[in-house]
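Novice: So the chains spell out like this:
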Amino acid sequence: KQEVTQIPAALSVPEGENLVLNCSFTDSAIYNLQWFRQDPGKGLTSLLLIQSSQREQTSGRLNASLDKSSGRSTLYIAASQPGDSATYLCAASDSNYQLIWGAGTKLIIKP
Amino acid sequence: NAGVTQTPKFRVLKTGQSMTLLCAQDMNHEYMYWYRQDPGMGLRLIHYSVGEGTTAKGEVPDGYNVSRLKKQNFLLGLESAAPSQTSVYFCASSLSGGASEQYFGPGTRLTVT
Numbered sequence: 698k699q700e701v702t703q704i705p706a707a708l709s710v711p712e713g714e715n716l717v718l719n720c721s722f723t724d725s726a727i728y729n730l731q732w733f734r735q736d737p738g739k740g741l742t743s744l745l746l747i748q749s750s751q752r753e754q755t756s757g758r759l760n761a762s763l764d765k766s767s768g769r770s771t772l773y774i775a776a777s778q779p780g781d782s783a784t785y786l787c788a789a790s791d792s793n794y795q796l797i798w799g800a801g802t803k804l805i806i807k808p
Numbered sequence: 004n005a006g007v008t009q010t011p012k013f014r015v016l017k018t019g020q021s022m023t024l025l026c027a028q029d030m031n032h033e034y035m036y037w038y039r040q041d042p043g044m045g046l047r048l049i050h051y052s053v054g055e056g057t058t059a060k061g062e063v064p065d066g067y068n069v070s071r072l073k074k075q076n077f078l079l080g081l082e083s084a085a086p087s088q089t090s091v092y093f094c095a096s097s098l099s100g101g102a103s104e105q106y107f108g109p110g111t112r113l114t115v116t
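From first to last, the protein sequence lines are chains C and V.
Position in the first sequence (first residue = 1) + 697 = my numbering.
Position in the second sequence (first residue = 1) + 3 = my numbering.
Each hint should be verified, as a subset may be incorrect.
What the hints assert, rightly or not - Which chain V residues stay away from chain C? Per the calculated CB distances, all over 10 Å, these:
#: 1; residue: Leu16
#: 2; residue: Gly54
#: 3; residue: Glu55
#: 4; residue: Gly66
#: 5; residue: Gln105
#: 6; residue: Thr116
Stated by the list, open to error - The following label-pair restraints were derived from C-beta to C-beta distances:
#: 7; chain 1: C; residue 1: Lys739; chain 2: V; residue 2: Thr89; range: 18 to 26 Å
#: 8; chain 1: C; residue 1: Glu714; chain 2: V; residue 2: Asp65; range: 31 to 39 Å
#: 9; chain 1: C; residue 1: Gly738; chain 2: V; residue 2: Asp65; range: 23 to 31 Å
#: 10; chain 1: C; residue 1: Ile704; chain 2: V; residue 2: Thr8; range: 32 to 40 Å
#: 11; chain 1: V; residue 1: Gln20; chain 2: C; residue 2: Arg752; range: 47 to 55 Å
#: 12; chain 1: V; residue 1: Phe13; chain 2: C; residue 2: Ala706; range: 31 to 39 Å
#: 13; chain 1: C; residue 1: Thr723; chain 2: V; residue 2: Asn31; range: 33 to 41 Å
#: 14; chain 1: C; residue 1: Asn719; chain 2: V; residue 2: Leu72; range: 25 to 33 Å
#: 15; chain 1: V; residue 1: Thr8; chain 2: C; residue 2: Gly713; range: 47 to 55 Å
#: 16; chain 1: V; residue 1: Gly43; chain 2: C; residue 2: Val717; range: 18 to 26 Å
To be clear, the hints were calculated from the coordinates, so they are not data collected in a lab.
Note that beta-carbon positions come from the ideal geometry of N, C-alpha and C, so glycine has one too.
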């Protein structure tokens with residue numbers, strides 16, 4: 698059974714720093730991996746989707762990588778800003794196209 | 004476009020009461036999903052639908068029923084609410100399964116006392 702883990706559960710960094718969020722999964726037979734952002738009291742916003750055949754995806758200051766052999770994905774945020782403060786979740790799509798979710802990393806960017 | 008909307012935003016139920024949560028999407032998506040999110044845990048799939056008139060069980064379907072009578076709507080029903088169903092419920096939709104991006108509604112916070 699696929700399990701997705703995100704460590705750490707919370708992270709606080711000063712504004713301007715580059716940072717990496719981690720996501721690990723136990724079963725490498727994933728269809729794709731997605732990163733989402735969740736703001737308090739709000740729904741989820743899709744940030745990046747990496748297909749199983751891809752190694753990375755980029756959008757603005759965000760870059761997500763995928764290494765299926767090691768069961769890891771990372772989300773790199775460049776030049777962090779206070780507006781980046783949110784909870785970031787990753788989810789792996791299994792063979793039934795269902796998303797298996799990590800519990801998220803709560804990110805705080807200090808001005 | 005409104006995207007994905009959910010009704011209501013908040014609800015408090017007493018144990019044993021029933022209710023229906025409504026999800027609507029205006030993107031002509033085939034797939035729709037209901038998730039629950041509990042503190043310290045990832046989202047868990049309750050039920051999903053791959054098209055009008057179809058439904059399927061997800062990871063945690065017990066105590067819930069769903070219907071997809073119209074393509075744009077996906078209803079989640081609780082027949083006899085239990086305190087264990089206190090959670091935040093999210094609806095999502097996608098153009099298709101697999102590679103498609105999922106779009107989420109704002110959520111419904113349900114408390115069962």
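Novice: Next step is simple, just say for each hint if it's right about the structure.
Specialist: Right, here's what the structure says about each hint:
1. Leu16: Fine: 20 Å to the nearest Cβ keeps Leu16 of chain V off the interface.
2. Gly54: holds (13 Å)
3. Glu55: Check passes; 18 Å lies beyond 10 Å.
4. Gly66: holds (19 Å)
5. Gln105: Non-interface label fails for Gln105 of chain V: nearest chain C Cβ at 7 Å, not farther than 10 Å.
6. Thr116: holds (21 Å)
7. C:Lys739 x V:Thr89: 18 to 26 Å: Holds, at about 19 Å.
8. C:Glu714 x V:Asp65: 31 to 39 Å: violated (44 Å)
9. C:Gly738 x V:Asp65: 23 to 31 Å: This hint holds: roughly 27 Å between Cβ atoms.
10. C:Ile704 x V:Thr8: 32 to 40 Å: For Ile704 of chain C and Thr8 of chain V the Cβ distance comes to about 34 Å; the hint holds.
11. V:Gln20 x C:Arg752: 47 to 55 Å: At 50 Å between Cβs, range holds.
12. V:Phe13 x C:Ala706: 31 to 39 Å: The hint (31 to 39 Å, Cβ to Cβ) is violated, given that Phe13 of chain V and Ala706 of chain C are roughly 26 Å apart.
13. C:Thr723 x V:Asn31: 33 to 41 Å: Hint holds: Cβ distance 35 Å, inside 33 to 41 Å.
14. C:Asn719 x V:Leu72: 25 to 33 Å: Given range 25 to 33 Å: violated, Cβ gap about 42 Å.
15. V:Thr8 x C:Gly713: 47 to 55 Å: violated (37 Å)
16. V:Gly43 x C:Val717: 18 to 26 Å: Taking Cβ atoms as reference, Gly43 of chain V and Val717 of chain C lie about 22 Å apart, which means the hint holds.
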